[in-house]
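*Asks:* Chains E, X, S and A supply the protein sequences, listed in that same order.
Be aware that the first sequence starts at 63, since it is given in our numbering, and climbs by one per residue.
Be aware that the second sequence starts at 706, since it is given in our numbering, and climbs by one per residue.
Be aware that the third sequence starts at -13, since it is given in our numbering, and climbs by one per residue.
Be aware that the fourth sequence starts at 19, since it is given in our numbering, and climbs by one per residue.
Simulated from the structure, these hints should not be mistaken for lab results.
Treat the hints with care, since some could be wrong.
Simulated restraints, written as ranges between beta carbons of each label pair [stated by the list, open to error]:
no.: 1; chain 1: X; residue 1: 996; chain 2: S; residue 2: 443; range: 39 to 47 Å
no.: 2; chain 1: S; residue 1: 448; chain 2: X; residue 2: 996; range: 29 to 37 Å
no.: 3; chain 1: X; residue 1: 919; chain 2: A; residue 2: 129; range: 25 to 33 Å
no.: 4; chain 1: S; residue 1: 287; chain 2: A; residue 2: 129; range: 38 to 46 Å
no.: 5; chain 1: A; residue 1: 80; chain 2: X; residue 2: 818; range: 21 to 29 Å
no.: 6; chain 1: A; residue 1: 128; chain 2: S; residue 2: 479; range: 23 to 31 Å
no.: 7; chain 1: X; residue 1: 724; chain 2: A; residue 2: 128; range: 39 to 47 Å
no.: 8; chain 1: A; residue 1: 22; chain 2: S; residue 2: 95; range: 56 to 64 Å
no.: 9; chain 1: S; residue 1: 90; chain 2: E; residue 2: 122; range: 35 to 43 Å
no.: 10; chain 1: E; residue 1: 119; chain 2: X; residue 2: 794; range: 48 to 56 Å
no.: 11; chain 1: X; residue 1: 996; chain 2: S; residue 2: 13; range: 12 to 20 Å
Derived lysine-lysine pairs resembling DSBU-like cross-links, with alpha carbons at most 35 Å apart [claimed, not checked]:
no.: 12; chain 1: A; residue 1: 119; chain 2: A; residue 2: 129
no.: 13; chain 1: A; residue 1: 119; chain 2: S; residue 2: 476
no.: 14; chain 1: S; residue 1: 476; chain 2: S; residue 2: 289
no.: 15; chain 1: A; residue 1: 119; chain 2: S; residue 2: 86
no.: 16; chain 1: S; residue 1: 421; chain 2: S; residue 2: 476
no.: 17; chain 1: A; residue 1: 119; chain 2: S; residue 2: 289
no.: 18; chain 1: A; residue 1: 119; chain 2: X; residue 2: 908
We put the beta carbon where it would ideally sit given N, CA and C, even for glycine.
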Amino acid sequence: MEWVYFGTSIAILVTMVLAVVRGLIGPTIFDRVLAVNMFGTKTVLFLAVISFLSGRPDFLDLALAYALINFIGVLAVLLFFQSRGVRRDAEAEREADK
Amino acid sequence: MITIVFSLFLLTMLVIVAVGILRTDNLFTAVMLSGIFSLIMAANFFILDAADVALTEAVIGAGISTVLFLGALALTAEYDRSPPVGTWVPLLTSSALGGVIIFATLQAPRLGDPNAVVHKHVAPWYLDRTPELIDVPNVVTAVLASFRGYDTLGEVFVVFIACIGVMSLLGRVRPRRDSIEEDEFDKRTDNLRHHLIPRVVGKMLVPFIVLFGLYVQFHGDFGPGGGFQAGALIAAGVILYSLLEGGPRGRELVPEWFSSLLVALGAFTYTCVGVVSMAMGGRFLDYSVLSHDPVHGQHMGILIIEAGVGMTVTGVMITIFHAFSRRGIR
Amino acid sequence: MTLYDQLPALVVVVLLFTAPITYMLRLHGFPWFSAMAAVVTSFVVACSLAATTIGGETIIYEMGGWPAPYGIVLHIDALSALMAMLITGASSAALIFGAKSLADEVGEETAPAFFAAWLLCTAGLVGMVITGDAFNIFVFMEISSLSTYVLISAGPDRRALISTYRYIVMGTVGATFYLIGVGFLYMVTGTLNTADLAERVGQVEDIRLVLVAAGFVSVGLAIKAAVFPLHSWMPNAYTFAPNAVTVFIAAASTKVSLYVLMRVDYAIFQNSIANHDIQLTFFLVPLGVLALFAGSMLAIYEKNLKRLLAYSSVAQIGYIALGISMTSVAGLTGAIVHMFNHGLIKGGMFMAVACLALRYRTVNVANLAGAGKAMPWTMAAFVVGGLGLIGVPLTPGFISKWYLVLAALDEGWLGALLVAIILISSLLAVIYVWKAIEVAYFGEPRSNAVPVTEEAPLVMLIPTWIVVLAGIWIALDTSVTVGLASIAAKTLLGVEL
Amino acid sequence: MAVLGLYNYFIFAVLLMIGLYCILARTNIIKSLIGLTIFQGAVFLLYISTDKIDGGTAPIIQEGVENQIFANPLPQVLILTAIVVGISTTALALAVTVRIKEAYGTIEEDKIQEMDREL
């Protein structure tokens, strides 16, 4: 059974690398946001698999915490962009008024 | 062996991400990447058998810290416009530093070496004696709350002072914002009320996050967790509510006087436990004297001080978040 | 357990206990009062600890009842008691002195936060000197530095903010360096208790990690202590902080880092690393000498009186570093006495400057013309302090320099050179002190300057003079300071008492 | 294998270098602060690397399981403290940054230095 977990975790690690690559090269901000989100999800999975691999499935609640935090992070980013978008619109309007 | 393979993967990623942070001039990207940095770090802590630290790093490093950085970015600037300064001195300093460390650690014990000195001296004592002296399964909690409870007291005061500092720096609202237009502008931008899906899903999650926080608080003796992680999680629940419904509503849910009272009260509770144990004839923070049975006394002491820690951290994180969000948008 | 047994913990606990109360109770005038009461109580406790330890006794207090090295212990000997006295004394004097000026600068609304930060700053510094645990030093170092940032950022000028930011970055780097050093030490010894560390470091076979650990700890603490090339955060932080805060941190804060440097280097590394004294000499003597000259020169060319005194502190820290580097009883005694005496001198001088700032609304040297006539008592205090900086006989500065010179004379030709350097830098001190005095007494007031005719209020003048007179008393009766210092020096060097 | 066992320390050194370089070379305040968090994060890695023991597991005692090897709890406790200290410093520094932006209109240190020189 162990090698299944091991293989799975390696596969997850590879997807983590892919997420990092996307986060690094961008090019748009949305790529990066999605990369962070995906990376968070993969970390949750990785933790879950590792806790089975190490024989201590009681650590699953850690993964739960990660999932919750990840969600909040993404919402914070959304809010940031919303306010930035409105701010830019307002600035454009102000420019146009002048 | 497995640990080493995973470590190789994660640590290499860590360095790549760090270089990415260094190279980008978009501060938003840097903050996003530092979120990834924290997550990798946390996963790495987890495979190094540090479950409590992994939980803390994820909640504080990837969660709270990202939110704070974003809050600060919204109030300052989005791009790093540093000129290409002469990079010789920093480059030399940091390479010298790295060189010295690599030179020094060539003789260090390898990862996981059971004969390393760190595993021989103090640590076995903690592992052997905790069941008998304190009787909680989580040795990290035992060391944190009792054997090195004085450190933890200091740590509570560190977050306390950070909260005080942020409040005295950002507490007073900037006087410049008097136009109704700007208020209107704030109302449109500081919440996600118009986005149905995040709003519904998010609001459903809030009670669960708080509940989970309470679980982490009181389960800290048995599994990974404790006051710090719980405090940060509960605060994260409140922060989520404020993100969805906007700052003013968030401050209605947890008023500012309440959160700052929580901060002081938590630190006060912790110190009081110490003072009471002094009054009852023990040393400062000696919980054994709190009850007739020393082990029972330890349990009681740990429960109370962890509650104090949880209160302070919850209060601090909420207060700091509100201080940033209330500062408004230029 | 009697109250007497609990004294070692109480010196910190009183402060920690009062801080949240100060922050919670928002009554008019209460924050200052409760802070003052707590700090003075702590000072009294520190004095009684000093009285206990002056015979060479060491008090060990086990926090939480857990024995070392498993729990954290407080380790109080003559040196830590002396430092605790200096810190709490400086803190109480600055608080009482600053009652009026702080009310002006801080304001009612932020007062609870400010005074809670003040209490925690004192608690952090005291905690650092009395603890016997290497990691606990880090925790209390962070308490004191975070609260110092808060105190400095309360300054009225916007430059206070950028100075705070620079201090945060430097301070955090310094603290992290210290943490790395402790981490390496932990890797090779498996313990964090300083006494246990000292013993176990000697048994380490491969010395490389220990050496690097010593380097990290020393550099980190040198940043915190503003030892010469790493001092850049300090002058502006002192200049733009509220005046009473400057009095406190100038008197106490950098000294504590020097104390830890001394403690760690002597207690842990000196007995275990071969030739450690030579390494220490090579590390600190050049820095000390450079600090003497650079600090004095910068002070001579400085126009802002507060920054002038800050640069002078850089130079004076050079003296202390020289004393530490000599690894002899006389040198260490000189260094410890100078820490204490310089704290008194600088505290008194910054108090006088705060009085001037209250009336003149500026601390530019050129604008202080006529201060000698308008504010005779304040300027007299400043002059006495200045004489102390120079090291004129009958002032506290003379005592410590005397011991430093004595120590240097034991060191052969290098020592003779050091004596010459000490003398030259004292002459430089004459120049920068004279610069201020000349303007104040003989300068013609500028035509556009605000005429000042009033002396500083008594609530400020009396604490200033108490500090100045305490300095004179310590110069005349050296039994307490030199007595404690020489016991401390002997303990550090492991010499029989 | 011996070198791989030291890999953690090398990464620690590299991260420390990157962090310090970021602090010293960038004049943008927020960028420097991110550098500071990397710098501190590196130290967390150093400490946690010392707690690992071969065949060990997290130091939480399970009922009914005998002869388990546990990782060293002490570095974990220390780093829990250090993480909280780190976020406190960061929060305070960010608050100062916001005030700097309001007072100076920029968060580039070199520009701020110029503005102060003009006074």
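*Asks:* Out of the numbered hints, which ones does the structure contradict?
*Replies:* 1, 2, 3, 4, 6, 7, 9, 11, 13, 14 and 16
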